[in-house]
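There are 2 protein chains.
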Amino acid sequence: MNLIVDHSIVSTAVSDLQKVCATKSVIPILSGIKIEAEKGAIKLTGGNSEMFMEKMIPIEGNGEIIEEGSVVVVAKYLNELLKKFPGKIQLNASEKSTVIIKSGDITTKLNRLHVEQYPKLPAFQSSYNVKMTLGDLKEAIKQTLFAVSKSDSKPVLTGVQFVFQKGKLILTATDSNRLSRKMLQVHSEHMESIVVPDYCLNEILNIKEADASVIEIAHDRNLIAIKVNNTTLLSVLIEGHYPDIRALIPNEFISRVKVNRKKLLAGVERACIFSGSSKHNDVNLRLCDGDSIKITSISTEIGMIEEYQKVHTEGETNFSITLDGRYLIEALKGIKEEEITMQFNGNMKPIVLKSENNPSYLQLISPRRAH
Amino acid sequence: MNLIVDHSIVSTAVSDLQKVCATKSVIPILSGIKIEAEKGAIKLTGGNSEMFMEKMIPIEGNGEIIEEGSVVVVAKYLNELLKKFPGKIQLNASEKSTVIIKSGDITTKLNRLHVEQYPKLPAFQSSYNVKMTLGDLKEAIKQTLFAVSKSDSKPVLTGVQFVFQKGKLILTATDSNRLSRKMLQVHSEHMESIVVPDYCLNEILNIKEADASVIEIAHDRNLIAIKVNNTTLLSVLIEGHYPDIRALIPNEFISRVKVNRKKLLAGVERACIFSGSSKHNDVNLRLCDGDSIKITSISTEIGMIEEYQKVHTEGETNFSITLDGRYLIEALKGIKEEEITMQFNGNMKPIVLKSENNPSYLQLISPRRAH
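Residue numbers (the working numbering), protein chains in the order written: chain B, 1 to 371; chain E, 1001 to 1371.
Only chain B is shown next, with the shape it has when bound in the complex (with noise of 0.2 Å):
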């Protein structure tokens, strides 16, 4: 392999590759970027034992390929040292256990690792029958993945259930105790339903192609494949039974608050202070007469809060529920409309918050209590 390159352009890619392949693996060549170079473009190949990224970089007018081949060096040192190296650079093979990288009076040989040894990606039948807009995908992905189970005791709820239907896509994440779930318009012809682990779909945030750009999903039953542009991603599935989530959602409520979404985020956010160092965050909710709500957190060890807000109630009120402070925040910090309805069944039931514009997002909060 011999080939001359700007070094901007390589630079970028091998730093976003960088981020996927293993640092700690017991296979050493994880610890790699592939570089090939063949038919005018250079292709970037890097990953972990879950997840694979690829980047093809056409070379046409950035450089020129004098000799075709490929070669394997640890994505730590190409990344540190392309992000110092000024102008072009050449990347020449021509020795047997190093690539030398030249700019100008600067000279540096890295060491190469086994091109032989680099793992050949699986086989992949299925065609990208999906599309929808990277910017859709992400606003979805940042609205539900935060609601998956930190826990690896159900290895399936660490995930976000991604449901195929014809025309639309329903994303959905759980721990149990809360849930959010967000329809998407797609391009998708299928019925089917996937599970996507967390490091995929944060993968895919981290994708620095513009919003409108069209990603194109195709998967078969252990993998899913995702191809913005130059950049494909590839990632093991999660196997197992995702839990039938329609019947947790309630129907009917007794009561139903309208709320200012930033105020009633600031007033959780004052009475969050008040669990301390306590692993949860109990703060309580009254539903007062005379259209107001009341937020309550008392701790022994710091002091107390107490606040009232105006709000718009229909429906039964005195009562209280007490839930989780810190999940009351992440729901409330998905929703992006600023009037949103929770709805109430009392001081045992899970609420659920949604905003009346929006029926294509929903969450669900179970109380921590009954008091």
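Rather than coming from a laboratory, the hints here were simulated on the basis of the structure. Be aware that a few hints might be false.
Said to hold, decoys possible - Capping the alpha-carbon separation at 30 Å, the derived lysine-lysine pairs in DSS-like fashion look like this:
hint : chain 1 : residue 1 : chain 2 : residue 2
1    : E       : Lys1263   : B       : Lys84
2    : E       : Lys1096   : E       : Lys1120
3    : B       : Lys84     : E       : Lys1279
4    : B       : Lys279    : E       : Lys1279
5    : B       : Lys102    : E       : Lys1310
6    : B       : Lys258    : B       : Lys310
7    : E       : Lys1279   : B       : Lys24
8    : E       : Lys1120   : B       : Lys310
9    : B       : Lys19     : E       : Lys1263
10   : E       : Lys1120   : B       : Lys354
11   : B       : Lys43     : B       : Lys279
Given chain B, put chain E in place with the hints provided.
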């Protein structure tokens, strides 16, 4: 105590003080901020066993002191709460064990600590007899602090030496392998030498007043007091004999090289990548014939780098010296001027870096070992 004040003014001050307050101390009262309301001002005090900070907030125009008095509340909770409070707040200590903090429909109570247990700050006889601008002192601290010893084996070297002379102040920091020295024009009358601990200097760097603000310094044998506008910082000094560094700085050199600071910095940063995970960053500099310098770093694990830079050389050439690249990077970042002079006495003697245009700042780095 009972007072009304604009939350934003107290909030900023509490946020600054909280950083100084002890978080985990055997003396629980040190986790608190003392609030004293008297004579038209609020005085806030916070600290740990080595350092205290005091802020005076004149209340006129921002609120009202209804009843004088003093309380102590936990800094962390007060800070978090004030950050999330809107508008004017009322602090009322009418209850025995709490402070009631109110704003509109929000009522909170913070538990009080025992105000009578708050330590009395040490009596301080000396007057403020050194004056300079905050900006000048901050700059001088930034140019020296990085060179202090990170090891506790010689405690006196973990601080920066301040030598006061008539009309000037000399700051020196060294960890025995490198040294940084900065001279400042100040208003000062007396001859004295003290060693200021790193945490106190970091706190000065954190002071958010304008660079043009006048900073006043007073000290006695054990303590230093620093005053800028309404903020006073009181810190212990490091005791012990600071080494006489004048003998260490050579006056004569066998070679002198003029280099571009940014270009050399970029070269040394590239070379340091090849130190990988090793503790030292061995970088070799060779003074070549024909006005060039060669920067080399070799690692069996990673690879190697070799870079030539055009320079202007006077004196002997054809020798090389190995330095810790990290020291060289920090030294080059400390200098503000773009053209710098490196002075050499062969491969086994320290090098001296300075700018010809600014004799007030000098750095010295000892070689790692002979090559």
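- [ ] Quickly compare the C-alpha distance for lysine 1120(E) and lysine 354(B) to 30 Å and report which way the hint goes.
- [x] violated (54 Å)
Task: Proposed proximity, lysine 1263(E) with lysine 19(B) (alpha carbon, max 30 Å) - done: holds (29 Å)
Task: Straight-line alpha-carbon gap lysine 1120(E) to lysine 310(B), limit 30 Å - done: violated (46 Å)
Open item on the list: With the threshold set at 30 Å, check whether the alpha-carbon distance from lysine 84(B) to lysine 1279(E) stays at or below it.
Closed with: holds (21 Å)
- [ ] Would you mind confirming whether the straight-line C-alpha gap from lysine 279(B) to lysine 1279(E) stays at or under 30 Å?
- [x] The given pair, whose Cα atoms are some 39 Å apart, is violated under the 30 Å limit.
TODO: Decide if the proposed pair is consistent with the structure: lysine 1096(E) and lysine 1120(E), CA atoms, cutoff 30 Å inclusive.
DONE: Since the Cα atoms of lysine 1096(E) and lysine 1120(E) sit roughly 22 Å apart, the hinted pair holds (cutoff 30 Å).
- [ ] Please work out if lysine 1279(E) and lysine 24(B) have their alpha carbons no farther apart than 30 Å.
- [x] holds (19 Å)
Open item on the list: Can you confirm whether the C-alpha distance between lysine 43(B) and lysine 279(B) stays at or below 30 Å?
Closed with: With Cα atoms ~47 Å apart, lysine 43(B) and lysine 279(B) exceed 30 Å; violated.
TODO: Would you mind confirming whether the straight-line C-alpha gap from lysine 1263(E) to lysine 84(B) stays at or under 30 Å?
DONE: Roughly 11 Å separates the two Cα atoms, so the pair holds.
- [ ] Would you check the hint for lysine 258(B) and lysine 310(B), treating anything up to 30 Å between C-alpha atoms as holding?
- [x] holds (10 Å)
Open item on the list: Between the alpha carbons of lysine 102(B) and lysine 1310(E), is the straight-line distance 30 Å or under?
Closed with: holds (17 Å)
Violated hints, in rising order: 4, 8, 10 and 11; the structure is consistent with all others.
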